[in-house]
Amino acid sequence: MSRLLCADFAKLKKNRFFWLCIIGMIGFGLFMKIMEYITMQQYSGETPSLDSMLSVYSMVIGFLTAAFVSLFVGTEYSDGTIRNKIIIGHSRASIYFSNLITCSAAGFFMCLAYLLPALAAGIPLCGIKTADFQYLAGMVLCSFIMTLAFTSLCTLVGMLCQNKAMTAVITILSVCLLFVASVYISAKLNEPETYPEISTFADGGSVIDARDVPNPGYVRGTQRQIYEFLDEFLPTGQSVILTRGDQDAFFLLMSAYSAGITAVAAGIGIFIFRKRDIK
Amino acid sequence: MEHILTAESLGKQYGHFKALDGFSIHVPKGSIYGFVGKNGAGKTTLIRLICGLQEPTSGSYTLYGAKNTDPGIAKCRRRMGAVVETPSIYLDMTAEDNLKEQYRIIGLPSFDDIPELLRLVGLENTGKKKAKNFSLGMKQRLGIAIALAGSPDFLILDEPVNGLDPQGIIEMRELILKLNRERQITFLISSHILDELSRLATHYGFIDSGHMVKEMSAKELDSACRKCIRVQVSDIRALTRVLDEMGIEYNIFSDTMADIFAKVNISKLTLALAEQECDVISLTEREESLESFYVNLIGGGNRNE
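Quick mapping for you: the protein sequence lines, in order, are chains H and Z.
Residues 1 to 279 in our numbering are what the first sequence spells out, letter by letter.
Residues 1 to 305 in our numbering are what the second sequence spells out, letter by letter.
Simulated from the structure, these hints should not be mistaken for laboratory data.
What you were told as hints is all true, and nothing was included just to trick you.
Once the Cα atoms are required to be at most 27 Å apart in a straight line, the calculated BS3-like pairs of lysine-lysine come out as: (1) H:K275 x Z:K67; (2) Z:K75 x H:K279; (3) H:K275 x Z:K75; (4) H:K279 x Z:K18.
The model shown is predicted, which means the values in this text are computed figures rather than measured ones.
Please build the complete structure, drawing on both the sequences and the hints.
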């Protein structure tokens, strides 16, 4: 498999879309951190903490990996070059793993392309002491494993669907739909349990009678448990949590979910790919 | 005779459609094996099976003596190269980068051979031009160069001259002959352009509806297709007597008709037959082409069945 990895990484080095994503992420990281600092200075005169806005890349990494993997793996089918690897005697499992590892590495590089410039801009602006390193470590670990889950799912689609355009449509559309679903779930979970109901106003407009009433939009019971599970289980749900900068998020649990998704997707992918007829 | 590839009772089914059914093939070492069949006969399916792109539904094949179910078949495949349907090349890379990529896949430690390989296929002057800007012939030649990386001794080419202009066809033919003669590479070439194949092949296999109809050497095919005089007479026995007396090779295929495989003096033959009270009804010179041989073998009327 080392020969395949060597070939795939050489291909990655020459991949224009990958470099475009890297440049985009560098610009995005610098922009977010610098703009946050400028805005805070303008409106409150405060200095933001180093770790705020560092996790925003989680929102876009799913879309980027979906587009990148569908192009990177899809090219193997559209150009027919996957045949060269099989004809020369490489096992299907090693071909699959090589693609998964290369795409995952590309995903990590994209994350780092946001994180490192954002940190480089943030340290002189915000100071290193403002950072919550425990949160930072948990967030980075969780976002990296979440990226791995995204890559594993997209590689599964890319390796099993022999049409590049179809792969791109399926992966990008799936990420979009799951993202919308996760935003909806997150919004539902963040609904307050009660809200104040104002029934009487004095002549001067001051509130005389107000009381808390239950919020009908608040999700309760089993439905809430399911929503909470999906929020933490789905990679898009995790990306919403990470983007929100939730300090109390269960990073280890979410990482475990992502690791599970990665392993199951890779297992299913290799099992089917080994039996798949290639044209 | 040593065979590089053999198959017995090989079958491949897609749903209810049998692409290969009880198929057999024997490709001798050092040969250029012309694999002939019309579109949809099963040529590409066989190539996909041999290349490991697909698994047979039934039967088996051996490559360099290793059975397809043998784990060692992967090692044997390192000794072969193939261009299946379209050339497998990265379109956004140059010819050199494509070869470098293939060298990495194979695990070759040095790129020193690449200029020679490019020269061999006539792509040494392509420079920074990307493969997507190549002509079809150049893409085919790059596909062959990639298949040649790692110095295989068995090359499978699926319709290598499809879509090429006359110059491209000549260049492809010369390249195949050169590789066969100079590097002793065995070729399995599938094609339905029979005229082109007849200029190359040393052995033939005719496939129809997933079956191998006939395998023969070019020598056998030449004798089957050789020039002859087809004669129609009133008394076939008289004709055989006369031809036997003259020591001429012939083949009788009906009560009144025979093929004579020699240049005969027509006057002498007619006079000799007249002495035996046998009339010559018609005389035609004929030469069966590979096409007509193929059509007779396969049967031309079942195209849409």
